[in-house]
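What follows is the residue order along each chain.
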Amino acid sequence: MNDASASTGTGTRPILDIRDLCISYFTRAGEIPAVVDFSLKLAPGESVGLVGESGCGKSTVAMAIMRYLGTNGGIVGGSIEFDGRDLTTMAEEDLRRIRGSEIAMIYQEPMAALNPSMRIGRQLMEVPLFHENVSEAEAEKRAIAMLEDVNLPDAERVMEAYPHQISGGQQQRVVIAMALLSNPKLLLLDEPTTALDVTVEAGIVELIADISKKFGTSMLYISHNLGLILETCDRVCVMYSGEVVEEGTVNEVFDRMRHPYTHGLFNAIPLPTADKNSRPLVAIRGQLPLPHQRPPGCFFGPRCDFFVEGRCDAQPIPMTGMTSPTHRVRCIRWEEIDWDNYAPDRKEREPHPPGEIVLQVEAMRKYYPVHDDSLLAIFRGDTTRQVKANESLSFSARKQETVAIVGESGCGKSTFAKVLTGLETATDGKIIFGNTDIGQIAVGDRTEGQLSSLQMVFQNPNDTLNPSQTVGSQIARVIRKFGVESDPDKIHDRVMRLLDLVKLPRDFALRRPRQLSGGQKQRIGIARAFAGNPSMVIADEPVSALDVSVQAAVTDLLMDIQEEFGTTLLFISHDLSVVRYLADRIVVMYLGQIMERGSTDEVFSPPYHPYTEALLSAVPIADTRVEKKRIVLEGQLPSVLNPPKGCPFHTRCPRKIGAICENERPPVHDVSDQHKIACHIPLDELKAVEPVFRLASDAPSAA
Amino acid sequence: MTVFIAKRFGFMILTMIIVSLLLFLLLEYSPGSVATKVLGPYSSEEQRQLWLEAHGYMQPIYVRYFDWLFNFATGDFGESVRFKVPVADVLWSRLANTAILGGFVFAIMIPLSLTLGVLAGMREGSKLDRTISVTSIVTTSLPEFASAVLLSAIFVFGLGLLPGTSGMSRGWNIQEMILPTMVLVLYDFGYVARMTRASMAEVMTTHYIRTAILKGLPYKTVIMKHALRNAMIAPFTVIMLQINWLLSGVIVVEYFFAYKGFGALLLEASLNQDIFMIEACAMIAVFVAVVTQTLADIGYTYLNPRIRFS
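Those protein sequence lines, which keep their order, are chains U and W.
Once you know that position 25 of the first sequence is 31 in the working numbering, the rest is easy, because the numbers rise by one and skip nothing.
Once you know that position 221 of the second sequence is 240 in the working numbering, the rest is easy, because the numbers rise by one and skip nothing.
Incorrect hints may appear among the rest.
Pair ranges (Cβ atoms, derived) [said to hold, decoys possible]:
{"hint": "1", "chain 1": "U", "residue 1": "V449", "chain 2": "W", "residue 2": "F30", "range": "30 to 38 angstroms"}
{"hint": "2", "chain 1": "U", "residue 1": "T77", "chain 2": "W", "residue 2": "T134", "range": "35 to 43 angstroms"}
{"hint": "3", "chain 1": "U", "residue 1": "T77", "chain 2": "W", "residue 2": "L314", "range": "35 to 43 angstroms"}
{"hint": "4", "chain 1": "U", "residue 1": "L75", "chain 2": "W", "residue 2": "V157", "range": "30 to 38 angstroms"}
{"hint": "5", "chain 1": "U", "residue 1": "S398", "chain 2": "W", "residue 2": "I37", "range": "30 to 38 angstroms"}
{"hint": "6", "chain 1": "U", "residue 1": "G90", "chain 2": "W", "residue 2": "Y238", "range": "22 to 30 angstroms"}
{"hint": "7", "chain 1": "U", "residue 1": "L647", "chain 2": "W", "residue 2": "L314", "range": "28 to 36 angstroms"}
{"hint": "8", "chain 1": "W", "residue 1": "P162", "chain 2": "U", "residue 2": "T390", "range": "32 to 40 angstroms"}
{"hint": "9", "chain 1": "W", "residue 1": "M243", "chain 2": "U", "residue 2": "Q446", "range": "33 to 41 angstroms"}
{"hint": "10", "chain 1": "W", "residue 1": "K146", "chain 2": "U", "residue 2": "S474", "range": "52 to 60 angstroms"}
{"hint": "11", "chain 1": "U", "residue 1": "T390", "chain 2": "W", "residue 2": "L314", "range": "38 to 46 angstroms"}
Over the 12 angstroms line for every Cβ pair with chain W, so calculated as not near, a few chain U residues [claimed, not checked]:
{"hint": "12", "residue": "V42"}
{"hint": "13", "residue": "E99"}
{"hint": "14", "residue": "R102"}
{"hint": "15", "residue": "I104"}
{"hint": "16", "residue": "E115"}
{"hint": "17", "residue": "A118"}
{"hint": "18", "residue": "M124"}
{"hint": "19", "residue": "E132"}
{"hint": "20", "residue": "E162"}
{"hint": "21", "residue": "Q321"}
{"hint": "22", "residue": "A349"}
{"hint": "23", "residue": "P360"}
{"hint": "24", "residue": "T433"}
{"hint": "25", "residue": "R631"}
Stretch-level coverage of chain W by chain U, calculated; a stretch enters the list once three of its residues show a Cβ under 8 angstroms from a Cβ in chain U [to be verified]:
{"hint": "26", "stretch": "219-228"}
{"hint": "27", "stretch": "241-250"}
{"hint": "28", "stretch": "312-326"}
Hints were generated in silico from the structure; no laboratory data involved.
From the three backbone atoms N, C-alpha and C, an ideal C-beta is built for every residue, glycine too.
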């Protein structure tokens with residue numbers, strides 16, 4: 007696949023040729039240059055990845071190719087040549103003929119991208135109807151054929167459905183089908199799997215790879231996830247603050263990266279080689295500059311370890327070619343920096359032995375009654391059904407330990423957090439926390455001590471802080487409420503110390519949440535959770551809403567605080583890379599039940615539960631040396647209202663052994679003292695399974 | 020869906036019963052005063068007592084309520100104190116007059132305000148949008164009595180084109196309908212237009228409209244096929260509420276133009292303590308309100324498949 011990229015410089019005409027593109031938004035505050043200098047050539051059949059953190063301008067580039075920049079955005083310089091025609095000067099009507107027929111787009115949130123009040127069939131049929139003037143019957147035939155091409159079972163039913171009636175993964179397949187219906191020459195994919203579950207993502211990624219082979223479509227794949235780019239693209243462009251800082255083939259950029267920012271990104275993501283104690287992640291310091299606050303010279307200068315005054319900030323930095331014709335970098339010091347002997351400042355930690363048991367969950371169940379108002383149910387006289395959100399969960403967490411609960415959406419991990427915090431009460435079983443069974447105590451009935459010792463860090467920091475109060479007063483309120491301090495001076499003192507703890511300047515106490523970045527808000531969320539000296543903190547996807555480089559810093563902060571206070575961390579996440587990096591022990595859940603639990607090393611190596619194996623295989627890894635077994639789960643996640651009998655995973659299990667899986671609850675194998683697997687397959691057979699990951703060759707880097 | 024509609028109708032009937040009970044208690048749970056209202060202040064105590072007995076007021080309260088409800092359901096609203104004829108004789112013709120006026124207003128206002136709202140909302144911030152928005156604010160801020168005076172001054176006294184009253188004294192005449200209709204349309208269209216505009220503008224920023232545009236659909240198709248239906252969901256409830264308003268909220272206009280409508284009747288009945296008339300008018304108004312809201316709920320689920328198939 008990689009030889010396609012060599013053609014960019016030679017004979018064949020590129021399908022897309024972007025030169026010196028500049029895009030600005032015009033607001034009351036003036037012109038905001040979102041993209042300052044962007045060039046890209048895309049050969050027919052080639053796929054190029056565009057990576058970068060939010061605000062770097064990667065989506066703006068895609069929208070500019072579609073010439074859809076809203077009323078206040080505009081292309082202020084450069085050209086976008088598509089198949090020999092300049093899109094920047096094209097008339098609206100000619101543009102319309104190209105949109106959706108020659109250039110098609112796949113969007114981040116499939117649910118939002120589909121019209122909620124129009125049947126899917128009609129939305130698909132519009133493409134051939136308007137671009138090729140075919141008959142209704144022909145359009146319908148093509149739409150059904152395309153739905154089958156994107157592996158949607160029961161295409162006729164999907165045609166009749168409204169978008170909300172199908173799952174997120176199916177919606178994305180519909181969007182992909184819509185984009186492919188006119189057989190486009192160029193496909194723009196804007197974070198096509200970010201809103202999806204990891205096993206669903208794996209299926210979509212496989213589909214996209216098949217498409218590029220089958221239809222020979224050129225693809226521009228926008229993502230913040232380097233692992234996905236590795237799996238889908240031939241070449242990659244790394245963007246930073248409105249410009250490309252490094253480009254090259256996937257192997258060049260992933261193995262021989264030259265730009266300090268690219269290096270920073272790779273050091274910040276939890277690759278399998280990272281380890282929280284011996285090889286911790288390194289965050290990129292500072293923040294992405296706002297478009298109107300970019301420094302002179304190199305935009306990355308203020309955050310770069312190799313910054314040299316007078317050289318890096320003297321004049322705009324051009325892209326420079328290197329030894330390979332395809333590899334270029336925007337750094338004037340690329341030849342001087344000795345990356346082989348560069349070791350970033352890593353702060354190593356001492357591994358700590360687990361302490362006494364803090365939390366003990368015993369056969370906890372949480373059922374929700376659901377009312378069914380359909381005529382059939384009324385006729386049967388059976389209008390309440392039980393949703394079994396949590397089915398006999400048992401595990402424990404020790405002092406200063408990080409226990410991760412992983413699973414896809416709907417697996418019951420958030421329900422568990424709700425029961426733990428008292429927002430819901432358990433239906434059955436025990437949750438022993440600090441010698442008391444808190445499973446039946448609702449949050450309103452808990453004592454101050456119970457409340458303050460069990461706190462939570464939430465997923466989206468933007469929604470969890472009150473926008474109309476200063477962050478200082480929000481932290482102070484928690485301190486007062488929990489009775490930690492009552493004297494105003496002491497409260498103030500404590501707020502200041504908490505800000506120090508989360509490494510924010512003290513004057514941030516007077517700021518309001520909107521004056522803070524996402525990462526800073528999450529630090530406030532952490533300070534708030536730790537205000538009452540909790541012995542246990544539940545972190546519900548605390549970094550999934552943050553950018554890669556910020557993620558590393560927030561993860562690091564959480565671990566620092568945990569170490570300082572000896573807090574137990576219950577880490578709820580769907581991101582196995584982060585979990586592998588952070589957790590001491592892992593609980594894998596599926597449809598409300600525990601499939602496997604054990605120490606991180608035990609869960610990440612055989613014997614696996616077949617579901618764990620599939621989950622691990624679905625994680626994209628941004629390391630060219632890692633070889634992965636490919637397991638793509640078939641079928642849909644069953645509804646919790648109507649879970650499968652026997653083993654809940656049997657409907658999608660690639661290792662299903664027979665009727666026993668459908669009828670009987672799986673037995674729990676005790677692999678070791680703490681490693682348990684609930685599966686019908688004999689343990690010896692599970693032990694014989696190959697590991698999911700294998701490092702291709704060089705052992706030293708696997709340290 | 021069937022369950023949903025059955026539920027809505029059940030709820031509608033329940034509302035009607037509760038309102039009727041309240042109304043009955045409020046207006047009749049003072050037998051003495053009812054007799055006074057009916058027979059006038061100069062009637063003797065004996066006369067009142069005889070009247071009360073003759074009309075069943077000595078029976079237990081629930082018997083009287085059910086009698087009253089039964090009479091109501093069969094169209095017997097009692098006798099009007101003021102007009103000295105059965106309430107039904109006056110009520111139906113007045114209601115018909117108001118329905119005609121309301122129909123005129125509706126037929127003009129709804130297409131006008133929806134068109135203007137959609138035009139304004141589909142390109143938010145454009146000149147057309149600003150013009151429509153300012154116009155609709157100005158007309159909606161102008162009270163009916165003010166615009167009635169203004170329009171009369173122009174068309175009746177200035178240009179002499181239209182009659183100044185709409186009493187229909189020489190039979191039904193379309194010319195006499197023009198001014199009341201104009202005043203009501205002018206007052207109300209801005210409200211609905213602004214609701215539509217806001218809803219349309221919001222829909223235009225959604226991702227599915229972006230999808231439709233980037234699919235290469237002509238702009239007209241994007242608006243007509245993708246935006247319109249979604250943009251109608253929010254204003255639909257407001258439009259249905261206008262029916263209530265046109266029934267009982269147009270007293271000022273009916274009074275101003277001496278139009279013999281339902282609103283004017285309600286006012287007259289209240290001023291004269293015409294108790295059975297008030298009861299009948301109130302029940303009709305409530306009935307219309309409940310029916311339109313039920314229709315609104317059903318129509319809403321039709322427009323929004325997410326509710327229909329949840």
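Hint check:
| no. | hint | result |
| --- | --- | --- |
| 1 | U:V449 x W:F30: 30 to 38 angstroms | 34 angstroms, holds |
| 2 | U:T77 x W:T134: 35 to 43 angstroms | 22 angstroms, violated |
| 3 | U:T77 x W:L314: 35 to 43 angstroms | 38 angstroms, holds |
| 4 | U:L75 x W:V157: 30 to 38 angstroms | 34 angstroms, holds |
| 5 | U:S398 x W:I37: 30 to 38 angstroms | 48 angstroms, violated |
| 6 | U:G90 x W:Y238: 22 to 30 angstroms | 26 angstroms, holds |
| 7 | U:L647 x W:L314: 28 to 36 angstroms | 32 angstroms, holds |
| 8 | W:P162 x U:T390: 32 to 40 angstroms | 53 angstroms, violated |
| 9 | W:M243 x U:Q446: 33 to 41 angstroms | 57 angstroms, violated |
| 10 | W:K146 x U:S474: 52 to 60 angstroms | 36 angstroms, violated |
| 11 | U:T390 x W:L314: 38 to 46 angstroms | 31 angstroms, violated |
| 12 | V42 | 25 angstroms, holds |
| 13 | E99 | 9 angstroms, violated |
| 14 | R102 | 5 angstroms, violated |
| 15 | I104 | 7 angstroms, violated |
| 16 | E115 | 7 angstroms, violated |
| 17 | A118 | 4 angstroms, violated |
| 18 | M124 | 7 angstroms, violated |
| 19 | E132 | 6 angstroms, violated |
| 20 | E162 | 17 angstroms, holds |
| 21 | Q321 | 38 angstroms, holds |
| 22 | A349 | 44 angstroms, holds |
| 23 | P360 | 46 angstroms, holds |
| 24 | T433 | 25 angstroms, holds |
| 25 | R631 | 38 angstroms, holds |
| 26 | 219-228 | holds (count 3) |
| 27 | 241-250 | holds (count 4) |
| 28 | 312-326 | holds (count 4) |
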